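*Asks:* Keeping the supplied structure of chain A fixed, place chain B upon it in accordance with the hints.
For the record, the sequence lines run as chains A and B. Read in order, the letters of the first sequence are residues 1 to 187 in the working numbering. Read in order, the letters of the second sequence are residues 188 to 344 in the working numbering.
No lab work stands behind these hints, which were simulated from the structure alone. Keep in mind that this is a model prediction, so the values were computed, not measured. Where a beta carbon is used, it is the ideal one built from N, C-alpha and C, also for glycine. You may find that some hints are simply not true.
Stretches of chain B that chain A covers, calculated by requiring three or more beta carbons in the stretch to come under 8 Å of a beta carbon on chain A [unchecked claim]:
#1 277-287
#2 298-309
With beta-carbon atoms standing in for the labels, derived distance ranges [to be verified]:
#3 Thr177(A) / Gln202(B): 31 to 39 Å
#4 Gly180(A) / Thr290(B): 38 to 46 Å
#5 Met188(B) / Pro183(A): 43 to 51 Å
#6 Thr283(B) / Asn162(A): 23 to 31 Å
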Amino acid sequence: MSLLPFCQWLAETRGSIALHESLFMYPLVESVHVLTLCLFVGMSVLLDLRLLGVTLTRVRVSEVTDRLLPWMIAGFTVMLVTGLLLFYAIPIRSYQNIFFRLKLITLVFAGLNAWYFHEGIHKRVTEWDSDVRTPPRARMAGILSLVFWTVIVVSGRMIAYNWFDCDMQPQPRIVNTLAGCVPGQTR
Amino acid sequence: MLSVFQAIEFSAIGQLIKNSSWAFAVIESIHLLALATIGGAVLVVDLRLLGFGLKRQTIADVARDAQPVLVWSLAVMLTTGFALFVSEAIKCYYSTPFWVKMTSLALAILFTFTVKRRVTLTGSATDRPMVLRLVALVSLALWFGVGAGGRWIGFSG
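Isolated chain A (complex conformation):
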């Protein structure tokens, strides 16, 4: 199933065109998206480093999650809304962008990792709350989170570069397949 028709419809809407062509709104939304990294990914990194026993070692893990999670959720909400707006402004090009696809897939993995952590080892956090060296599964969650968010941030930045752009043909067949390039329907 291709979402291309949906993206094509979206690109024709007035809001999408307005945002795409606006002189200030698009850069503004993008700036908010990027700077909110500090809040969301920044706090997330601190939690991951706590799970790995690198920082905040004298603070109980449940304390870190309880106190920082509201800020992370707030940050993620801003990331999500601004991210959706950025996609809304440039739907077709984003959809056929290999880095955008990598970013979305990795986002799913990051979400699963967070869910597995909270429903799993974190449910028994009272047993290891003050440990500097947390259980292997908690440490694994921390490492995976760092890896996934690194991929997400890097691929997010790479969306703006066009090495694998569908308009830049010829590309290797594998690139065209992964990016879902449809000749003549790239914008």
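*Replies:* Showing chain B alone in chain A's frame:
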């Protein structure tokens, strides 16, 4: 001054990064990752000063734990930032956001390692909430200037 910036851009390292199709993008990505990390290290202390976040810990405890994260990510920021700069020094010379960023950066570093460090790490300097809040707000404003200025370099020119 311009001639200095020209010399920097035409240096071997400047040309190497400028002429590579991927170097700038890769360095920029690392710069962004460090941005997220330095953001966390700054925010967790500033939020604590404002009475949010890790409230059960003392300000000194939070600041002491955040310090290595701040220093390391700042080191990565400065290194990658300098590499980005040398590849487009002439553009930077004419860019207002660049100068806004550099001014904010100098002030942010100065403030962080003098006033804020004294207020947070020693713990004895002051415990008046108004002063703590003011320190947090100044810190947030300065670091915001660095981040926003940085993003805006890419939009101009």
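*Asks:* Hint by hint, note whether the structure agrees.
*Replies:* Hint-by-hint comparison with the structure:
1. 277-287: violated (count 0)
2. 298-309: Violated, because only 0 residues of the segment 298-309 of chain B bring their Cβ atoms closer than 8 Å to Cβ atoms of chain A.
3. Thr177(A) / Gln202(B): 31 to 39 Å: holds, 36 Å
4. Gly180(A) / Thr290(B): 38 to 46 Å: holds, 45 Å
5. Met188(B) / Pro183(A): 43 to 51 Å: About 50 Å separates the Cβ atoms of Met188(B) and Pro183(A), which means 43 to 51 Å holds.
6. Thr283(B) / Asn162(A): 23 to 31 Å: Roughly 27 Å apart at Cβ, these two residues keep to the hinted range, so it holds.
The earlier numbered hints that this structure contradicts are 1 and 2.
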